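So the protein sequences, as listed, match chains A and B.
Residue numbers for the first sequence, in the numbering used here: 1 to 177.
Residue numbers for the second sequence, in the numbering used here: 1 to 342.
Bear in mind the hints are in silico, worked out from the structure with no lab data behind them.
Quick caveat: nothing in here was measured; it's all calculated off a predicted structure.
Glycine included, C-beta positions come from ideal geometry on N, C-alpha and C.
A portion of the hints provided could be inaccurate.
Restricting the straight-line Cα-Cα distance to at most 27 Å, the calculated cross-link-like pairs of lysine-lysine (DSSO-like) are [claimed, not checked]:
| id | chain 1 | residue 1 | chain 2 | residue 2 |
| --- | --- | --- | --- | --- |
| 1 | A | 32 | B | 144 |
| 2 | B | 322 | A | 170 |
| 3 | B | 144 | B | 65 |
| 4 | A | 93 | A | 32 |
| 5 | A | 98 | A | 32 |
To give an idea of the chain B side of the interface with chain A (calculated C-beta under 8 Å), a few residues [what the hints assert, rightly or not]:
| id | residue |
| --- | --- |
| 6 | 118 |
| 7 | 139 |
| 8 | 154 |
Simulated restraints on C-beta separations [to be verified]:
| id | chain 1 | residue 1 | chain 2 | residue 2 | range |
| --- | --- | --- | --- | --- | --- |
| 9 | B | 3 | A | 14 | 24 to 30 Å |
| 10 | A | 28 | B | 225 | 33 to 39 Å |
| 11 | B | 189 | A | 167 | 52 to 58 Å |
| 12 | A | 153 | B | 162 | 16 to 22 Å |
| 13 | A | 139 | B | 303 | 36 to 42 Å |
| 14 | A | 152 | B | 225 | 42 to 48 Å |
| 15 | A | 18 | B | 182 | 30 to 36 Å |
| 16 | A | 94 | B | 144 | 30 to 36 Å |
| 17 | B | 188 | A | 142 | 28 to 34 Å |
| 18 | A | 96 | B | 323 | 50 to 56 Å |
| 19 | B | 225 | A | 167 | 28 to 34 Å |
| 20 | B | 235 | A | 83 | 26 to 32 Å |
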Amino acid sequence: MGIRYFVNINMNTFYFIAFLSIFFSILVITAKNPVHSILYLVLTFFTFTVHYILLNAQFLAVVNFIVYMGAILVLFLYTLMLINLNKDSEPVKSNMVKIAAVLGGGCLLVVLVGCLKQVGVADPVLLKDPGLGLVQNLGKVLFNEFLLPFEISSLLLLSAMVGAVLLATKDPKPKSV
Amino acid sequence: MELGDIIIKFILVVIIFAISLVVAMYSTYAERKIAAFFQDRIGPNRAGPWGLLQPLCDGAKMFLKEEIIPTNASAFLFIAGPSLAILTACLGSAVIPWGQNIQIGSRVVELQVADINVGVLYIFGVVSLGVYGVMIGGWASNNKYSLLGAIRAASQNISYEISMGLSIIALLMLTGTLSLRELAAQQHDWHWNVLRQPLGFLLFIVCAFAETNRTPFDLPECETELVGGYHTEYSSMKLGFYLFAEYINMFISSAVMATLYWGGYNYPGMDWVLVHTGPTIGPLIGVIVLFAKIFLFIFFFMWVRWTIPRFRYDQLMDLGWKVLIPLAIANIVLTGLISNYL
Chain A
1 MGIRYFVNIN
11 MNTFYFIAFL
21 SIFFSILVIT
31 AKNPVHSILY
41 LVLTFFTFTV
51 HYILLNAQFL
61 AVVNFIVYMG
71 AILVLFLYTL
81 MLINLNKDSE
91 PVKSNMVKIA
101 AVLGGGCLLV
111 VLVGCLKQVG
121 VADPVLLKDP
131 GLGLVQNLGK
141 VLFNEFLLPF
151 EISSLLLLSA
161 MVGAVLLATK
171 DPKPKSV
Chain B
1 MELGDIIIKF
11 ILVVIIFAIS
21 LVVAMYSTYA
31 ERKIAAFFQD
41 RIGPNRAGPW
51 GLLQPLCDGA
61 KMFLKEEIIP
71 TNASAFLFIA
81 GPSLAILTAC
91 LGSAVIPWGQ
101 NIQIGSRVVE
111 LQVADINVGV
121 LYIFGVVSLG
131 VYGVMIGGWA
141 SNNKYSLLGA
151 IRAASQNISY
161 EISMGLSIIA
171 LLMLTGTLSL
181 RELAAQQHDW
191 HWNVLRQPLG
201 FLLFIVCAFA
211 ETNRTPFDLP
221 ECETELVGGY
231 HTEYSSMKLG
241 FYLFAEYINM
251 FISSAVMATL
261 YWGGYNYPGM
271 DWVLVHTGPT
281 IGPLIGVIVL
291 FAKIFLFIFF
301 FMWVRWTIPR
311 FRYDQLMDLG
321 WKVLIPLAIA
331 NIVLTGLISN
341 YL
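Okay, chain A solo, but in the shape it has when bound (with noise of 0.2 Å):
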C-alpha cells in the first residue's frame, strides 16, 4: 500500500483535517478550563499527525503522535491537574491589562496580515522523491548530509536537560529520595 494510496488521497481530506486544526486551536484558547484546553491541544496535535500522514512523512507523522501526544501533553496535563486551576483561583485582571494585551494582540494580527497579503498562492508542491519522509530516506538524510546538525542539538538538549535537573535540585544537599 504506502506510498501512493496516501498520495492519491485528494484535496478535501486535507482541507478538513486543516479546518479541524484551527477550529481546535481557537477551542484551545476559548476554553475556560485549562485542562480542557489542554485536551483541546491534544486534538490539534493530531490532527497535525493526520497532516503529516497526508504528506507522506511517516515517521515525523508517528514521532509527532508519540513525543508531542504521548509525552509532553501528558506532562502538561499531569502539572495542571497539580495546579488545579479554576475560575474562582485566577486572579481578576486590571482592565490596563486587558487593553494592553488587546492592543498588542491587535498590532500582531496587523503585521501578519501584512505578511500574508504578500504571499501568492503557491503552484502545488510535488516532490522529487515522495519516499523521502520513509523512515530510511530520512534516516540517510540525518546521518549524512545533515550529521552535524544533528549531532549539535542533540547536545542543545543534553545541556537543556542538564539545566532543567540544575534548577528543580535548589538542595545543596538532596536528600536521598
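Since chain A is already given, all that's left is putting chain B on it; use the hints.
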C-alpha cells in the same frame, strides 16, 4: 485496493476485535482461577461447568448495575475516560502480524490488518496514548484519590516509556526494520530475537508490566493507599471498561512481546510442517503457535501478579530511572559493539 481486499481486511479486523474481546473476557476467568490456584482455593465454579460462564455473568452484572455520575464530576470527560481507555487498548492489534500469508481457495490472504513501515513506533505511540484514559477519568471524577491515581499513572507511564523505547532501539539496531511484518519474518524457524537480545527482552517485559499497570506496578489503583485509585468513583460498565482495557492491553502487549522477541508465528521446523500440511493448514499452525506464546505471556503476567507484592512509589521511580534506563543504554552500547566487532 479492490473491493475483495477491503472486504477481507474488514473481516480480519472484526475477527481480531472479537478475539481480543473474548481473550480479555476469559482472562478475567483465568486470573481468578490462577489466583485461586496460587492461594490454594477453588475459584469461581458456580456458573456453568468449572465456572466457565462466570465472565458472562460478570459482564451482565456490569451492564445492569446503576449508572452513577458524581454531581461534581465533569460529565463528558467522566464518560470519555473509560471509552478512551478501551479504544486505545484495541488500537494496537492493527499492526501485529498474526501469521504467514494463508491461502484460502485461490486467494492469498495476509494475516495482518496494516503493514505500515513504522509498525513498532505505532505500537509505541498507542501505548503512550493509553495513559490519557486513566488521566482523564481520574481528573474528571473530581476526587482526590482518583486524581492521585491519575497523576501516578502519568508519571509512571512516562518514566517507563523511556526505557521501553531504549530497549526497542537495541533490537532495531540488530534487525534494521521498523515493520513488524519484516521483524517477524526475520525470526524464521528458531532465530528468535530473544536469543540475541536477552537483556533487551528483560527490560521490555518489565516496562510492559509498568505500562499495563499490572502488579507490581499497579500503583495508580493501589487500593491500600488510594481506595480504588483512578477508578474510585466509577461503577457499572464504565468501571468494566477500565478493567477490560487492562486485560486487552495485557493481550496486545503479550502479542507484541511474542512478535518482537519470541519469534511471533515462527517455530522450529516450520518449513517441514509447511511443506507437509499445505499453504492453508501450515500458516494456521503458525497462528496457533503465536497464540500459545501469547497465552504463556498472559499466564506469566498473572503468575507475577499473585507472587510479587506491589512496589512502594519511590522504589518504582528508582527502578525506572536509576536501574532500567542505565541498563537499556548499556544494552544499546553493548549491542553496537558486538554487532560491529564480532
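Hint check:
no.: 1; hint: A/32 - B/144; result: holds, 22 Å
no.: 2; hint: B/322 - A/170; result: holds, 20 Å
no.: 3; hint: B/144 - B/65; result: holds, 24 Å
no.: 4; hint: A/93 - A/32; result: holds, 15 Å
no.: 5; hint: A/98 - A/32; result: holds, 16 Å
no.: 6; hint: 118; result: holds, 5 Å
no.: 7; hint: 139; result: holds, 5 Å
no.: 8; hint: 154; result: holds, 5 Å
no.: 9; hint: B/3 - A/14: 24 to 30 Å; result: holds, 26 Å
no.: 10; hint: A/28 - B/225: 33 to 39 Å; result: holds, 34 Å
no.: 11; hint: B/189 - A/167: 52 to 58 Å; result: holds, 53 Å
no.: 12; hint: A/153 - B/162: 16 to 22 Å; result: holds, 19 Å
no.: 13; hint: A/139 - B/303: 36 to 42 Å; result: holds, 39 Å
no.: 14; hint: A/152 - B/225: 42 to 48 Å; result: holds, 45 Å
no.: 15; hint: A/18 - B/182: 30 to 36 Å; result: holds, 34 Å
no.: 16; hint: A/94 - B/144: 30 to 36 Å; result: holds, 34 Å
no.: 17; hint: B/188 - A/142: 28 to 34 Å; result: holds, 31 Å
no.: 18; hint: A/96 - B/323: 50 to 56 Å; result: holds, 54 Å
no.: 19; hint: B/225 - A/167: 28 to 34 Å; result: holds, 30 Å
no.: 20; hint: B/235 - A/83: 26 to 32 Å; result: holds, 29 Å
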